[in-house]
Amino acid sequence: MTPLLEVSDLNISFPRDGGVPLVPVDDVSFAVSAGELVALVGESGCGKTLTGLALPRLLPRGAELGPRSAIRFNGTDLSRLPEGALRAYRGRRIAMVFQDPMTSLNPVMRVGQQIGEAIHAHGKVSRNDARARVLALLAEVGIADPSSRIDSYPHQLSGGMRQRVLIAMALAAEPELLIADEPTTALDVTVQAQILELLDRLRAARGMAVLLISHDLGIVAGRADRVLVMYAGRIVESATTEQLFAHPAHPYTRGLFASIPRLDATTTRLTPIRGTVPRPDQWPDGCRFHPRCPVAIPRCLSQRPPLDEVAPQQRAACWVAQGVTA
Amino acid sequence: MTRLGRLGVVLLSVLAVFAIAGPWIAGDPNAQPDPVGASLLLPSHLHWLGTDQLSRDIFARLAAGARISLVVAAIAVSVAAAIGSAFGLAAGAIPGMSGRLLQRLIDLGLALPRIVVLLVVLAAVGRVHYPLLGVILGATGWPAVARLVRGETLRLKHAQYVTAAHALGAPSARVLWREIFPGTLPAVLVASTLGLADAILLEAGLSFIGVGVRPPDASWGGMLYDARDYISSAPWLVFIPCVALVMATSAATLLGDALRRSLQPETR
Amino acid sequence: MLRRTGDAIATALVASVVLVILLHLLPGDPLAAVLGDHPVAPDVEARMRQHWATLPAIFGGLLRGDLGQSIVQNRPVATILAEHLGPTFLLGALTLLIDFTAGLALGVWSALHPDTMRARFVGAVTIVGYALPSFVIGMLLVWVFALKLHWFPPGGVSDVLLSPDASFASRLVDHLWHLALPLAAMVIATLAVPLRQQRSAALATAAQPWVLAARARGISPGLVAWRHCWRPALTPIVTLLGLWFPMLVAGAVFVEVVFQWPGVGLLLAQATADRDVPLVIGGGLLLIIAVQLGSLLADVLYHVVDPAQRHA
Numbered sequence: 001m002t003p004l005l006e007v008s009d010l011n012i013s014f015p016r017d018g019g020v021p022l023v024p025v026d027d028v029s030f031a032v033s034a035g036e037l038v039a040l041v042g043e044s045g046c047g048k049t050l051t052g053l054a055l056p057r058l059l060p061r062g063a064e065l066g067p068r069s070a071i072r073f074n075g076t077d078l079s080r081l082p083e084g085a086l087r088a089y090r091g092r093r094i095a096m097v098f099q100d101p102m103t104s105l106n107p108v109m110r111v112g113q114q115i116g117e118a119i120h121a122h123g124k125v126s127r128n129d130a131r132a133r134v135l136a137l138l139a140e141v142g143i144a145d146p147s148s149r150i151d152s153y154p155h156q157l158s159g160g161m162r163q164r165v166l167i168a169m170a171l172a173a174e175p176e177l178l179i180a181d182e183p184t185t186a187l188d189v190t191v192q193a194q195i196l197e198l199l200d201r202l203r204a205a206r207g208m209a210v211l212l213i214s215h216d217l218g219i220v221a222g223r224a225d226r227v228l229v230m231y232a233g234r235i236v237e238s239a240t241t242e243q244l245f246a247h248p249a250h251p252y253t254r255g256l257f258a259s260i261p262r263l264d265a266t267t268t269r270l271t272p273i274r275g276t277v278p279r280p281d282q283w284p285d286g287c288r289f290h291p292r293c294p295v296a297i298p299r300c301l302s303q304r305p306p307l308d309e310v311a312p313q314q315r316a317a318c319w320v321a322q323g324v325t326a
Numbered sequence: 001m002t003r004l005g006r007l008g009v010v011l012l013s014v015l016a017v018f019a020i021a022g023p024w025i026a027g028d029p030n031a032q033p034d035p036v037g038a039s040l041l042l043p044s045h046l047h048w049l050g051t052d053q054l055s056r057d058i059f060a061r062l063a064a065g066a067r068i069s070l071v072v073a074a075i076a077v078s079v080a081a082a083i084g085s086a087f088g089l090a091a092g093a094i095p096g097m098s099g100r101l102l103q104r105l106i107d108l109g110l111a112l113p114r115i116v117v118l119l120v121v122l123a124a125v126g127r128v129h130y131p132l133l134g135v136i137l138g139a140t141g142w143p144a145v146a147r148l149v150r151g152e153t154l155r156l157k158h159a160q161y162v163t164a165a166h167a168l169g170a171p172s173a174r175v176l177w178r179e180i181f182p183g184t185l186p187a188v189l190v191a192s193t194l195g196l197a198d199a200i201l202l203e204a205g206l207s208f209i210g211v212g213v214r215p216p217d218a219s220w221g222g223m224l225y226d227a228r229d230y231i232s233s234a235p236w237l238v239f240i241p242c243v244a245l246v247m248a249t250s251a252a253t254l255l256g257d258a259l260r261r262s263l264q265p266e267t268r
Numbered sequence: 001m002l003r004r005t006g007d008a009i010a011t012a013l014v015a016s017v018v019l020v021i022l023l024h025l026l027p028g029d030p031l032a033a034v035l036g037d038h039p040v041a042p043d044v045e046a047r048m049r050q051h052w053a054t055l056p057a058i059f060g061g062l063l064r065g066d067l068g069q070s071i072v073q074n075r076p077v078a079t080i081l082a083e084h085l086g087p088t089f090l091l092g093a094l095t096l097l098i099d100f101t102a103g104l105a106l107g108v109w110s111a112l113h114p115d116t117m118r119a120r121f122v123g124a125v126t127i128v129g130y131a132l133p134s135f136v137i138g139m140l141l142v143w144v145f146a147l148k149l150h151w152f153p154p155g156g157v158s159d160v161l162l163s164p165d166a167s168f169a170s171r172l173v174d175h176l177w178h179l180a181l182p183l184a185a186m187v188i189a190t191l192a193v194p195l196r197q198q199r200s201a202a203l204a205t206a207a208q209p210w211v212l213a214a215r216a217r218g219i220s221p222g223l224v225a226w227r228h229c230w231r232p233a234l235t236p237i238v239t240l241l242g243l244w245f246p247m248l249v250a251g252a253v254f255v256e257v258v259f260q261w262p263g264v265g266l267l268l269a270q271a272t273a274d275r276d277v278p279l280v281i282g283g284g285l286l287l288i289i290a291v292q293l294g295s296l297l298a299d300v301l302y303h304v305v306d307p308a309q310r311h312a
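Chains as they are written, first to last, in the numbering used here: chain A, 1 to 326; chain B, 1 to 268; chain C, 1 to 312.
FYI, nobody ran anything at the bench for these hints, they're computed from the structure. As the structure is a computational prediction, the values presented were derived from the model and not from experiment. Any given hint could turn out to be false.
[Stated by the list, open to error] Output of the computed footprint for chain B on chain C, the stretches with three or more beta carbons under 8 angstroms from beta carbons of chain B:
| id | segment |
| --- | --- |
| 1 | 6-19 |
| 2 | 141-151 |
| 3 | 248-254 |
| 4 | 261-271 |
| 5 | 285-292 |
Note that CB positions come from ideal geometry on N, CA and C, so glycine has one too.
Looking at chain A on its own, in the form it has when it is part of the complex (with noise of 0.2 angstroms):
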């Protein structure tokens, strides 16, 4: 089956004055079938917003495609689309929803408006019909008694209410793929697993394909359906979750599993992954996770690892884990 989203060598770099360019994506490539939720994983700075921020072409000014970058959404390359013909993917087939609820809706507009906004900037709908499919989606979202919240504005509402109403505004153009960024780093523990059951039940209804971008592993286990792990702008490991969780190929996945506190066990110790993450204009070569690797050989400081499979359903990006010695 062809997938819904196929992103091949997606490469942004951001030019500097007087010298080399910023490259914070480096020729990420992955592809997201629909009804799919696939997670994209990483710390901060590793590139994973730009990369989200990238498939609806909303990248910040100044941020440059590379040439060979290619973002097929049902066979056409968005990459190559200008901008008019972008608003009518985004929306309506690609939805975004981001990641602090308060900073994302506009504090002066009802928050029924800016969801009706959606409905109507992608086809004629009548005030009225607009407004009971606004109704729906808010009760869809599991907001409680939606006719006295639609006239809300952002203040009056608690965070993760907002965030439903995010979540409302994003699918109310009945998209195909929705992009979650850190959908649930604002909000806390209980309500952080009511909006990903949320996602999942949603997803499960419509068929949408969900890309999850995230920073906690652990909102992943259980929901997501190939995990991809990604470290200084690449993409280190792609795997099942279970494969992931179970058997987990990369070091630096290693190393964040080995970093978790897990209720299952009794941890005597956390072990940290020693070093700090590189900044993207420090970028080591080769493998960029060397310096930082317990089991780095020589080769992986020169030539960087290709995104090869290591077992079935698992790629990983590492010399030592495709059986390479020296």
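Using the hints provided, position chains B and C relative to the given structure of chain A.
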């Protein structure tokens, strides 16, 4: 310092040199050698910028005016900074009723439009010698400084090094003087530099409407006042002082902005 | 809201008091010089001094609408002020209107399209407006547009040669013709402030996540600019209104002098030069009240514009 800031410094230096040395080089700004024959002359080697309607040398008047306008502005800014700092520190540091009262006083000072107060005072006292004019200008400009200093004082009161000083047992007054007051100086310096521009403009404006610097003292605003009726016949009489004014205020503004960027990086 | 109004009134009152006290504190007799030039009968003088001598006398007078007598013109101050209020109000109101519509629009525009010719033009205007004092701008305008190009009259509010029987339309046109340059001077002098403010507010809002979220929903750029940049950016600007009024007042004084526009500013300038103290104080009190009204207006608008405030 940025390029623009350096430009400001250069301009101000040029003006200062002009103000100090100009009158020496140029001669008497009030001499009227030949009011009939030598009036409204265009620039020549004899009169570098020409003469006005009373045959006074414009270059000399401009230089003398520079001296006076700059001195007035400097006095104004210093007076405002002194009074404003005192009020601001007190308002910020003294707790309770007295502190609130002082804040109210500052707010009141801010509510009075500066130009109104100036006009009322000048209507009452008439034309005064220019240093006193500077003092009067300063006495109307202190509320803005006071508000700024009060804000800084409040901010610094909670700064770590102040808490540390208290923790070491230093008495409050000492902490105020030794730790807080110096912390307010960058803000005051920036505000004063920018205030210099305001003061120059205010003095020029007041002189322009006939209530500022007292003749025969020269001032740029006064030159504009004299030149009002000659704008069509001898427009340079009007525009030469204008250029000087713009140069001076731009210089002060550029310098002030540059100072703000380097001394107060947190204010964007 | 009520509290705020009370605050404004109180401030106006106290400010007026301070102004008068200030007068009494100054050395010498403030009335001496002007009485020297314009002597009045002893009983008139006595009444005048009585009027300004004590606070109850002043405020009693204020409540009655009596602001004393102008020494130079030998007429009630209140009457003189009333005559001059119109032109200043007209000039001020129009300047306000233009500054806060064009200024806001231009500010947002230049923030949304940085690095373009228009943005640079706007930047240049702000610098010019800041650097040139209002009277210099006025004189430049007079020189270029009135004296050199003869497009507009160099001053006054109407053509003295226009016959009193002339039609309303032609009188209106004549007034507008005379209004053009002083208005232009005022706008150029004061535009910089709301424009700069709005530009930085718009830049800040344009960077806000909700703008990105709106674009992500596929909303057209125009709508995004209006609904998600412009409106939220209005909130901080409204507070600016309160600070802008004093600037307007100062600008008015100088511009009116340059153009001989018969408003309160020109009146005040002349009265100060004449040292006609009662008139200056009367005018001053009027301006203090105007500034307080402006500040109050700003608060009311703030309430309207910011929904968060409305429910607070």
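* Structure versus earlier hints, numbers of those that do not hold, lowest first -> Failing hints: none at all.
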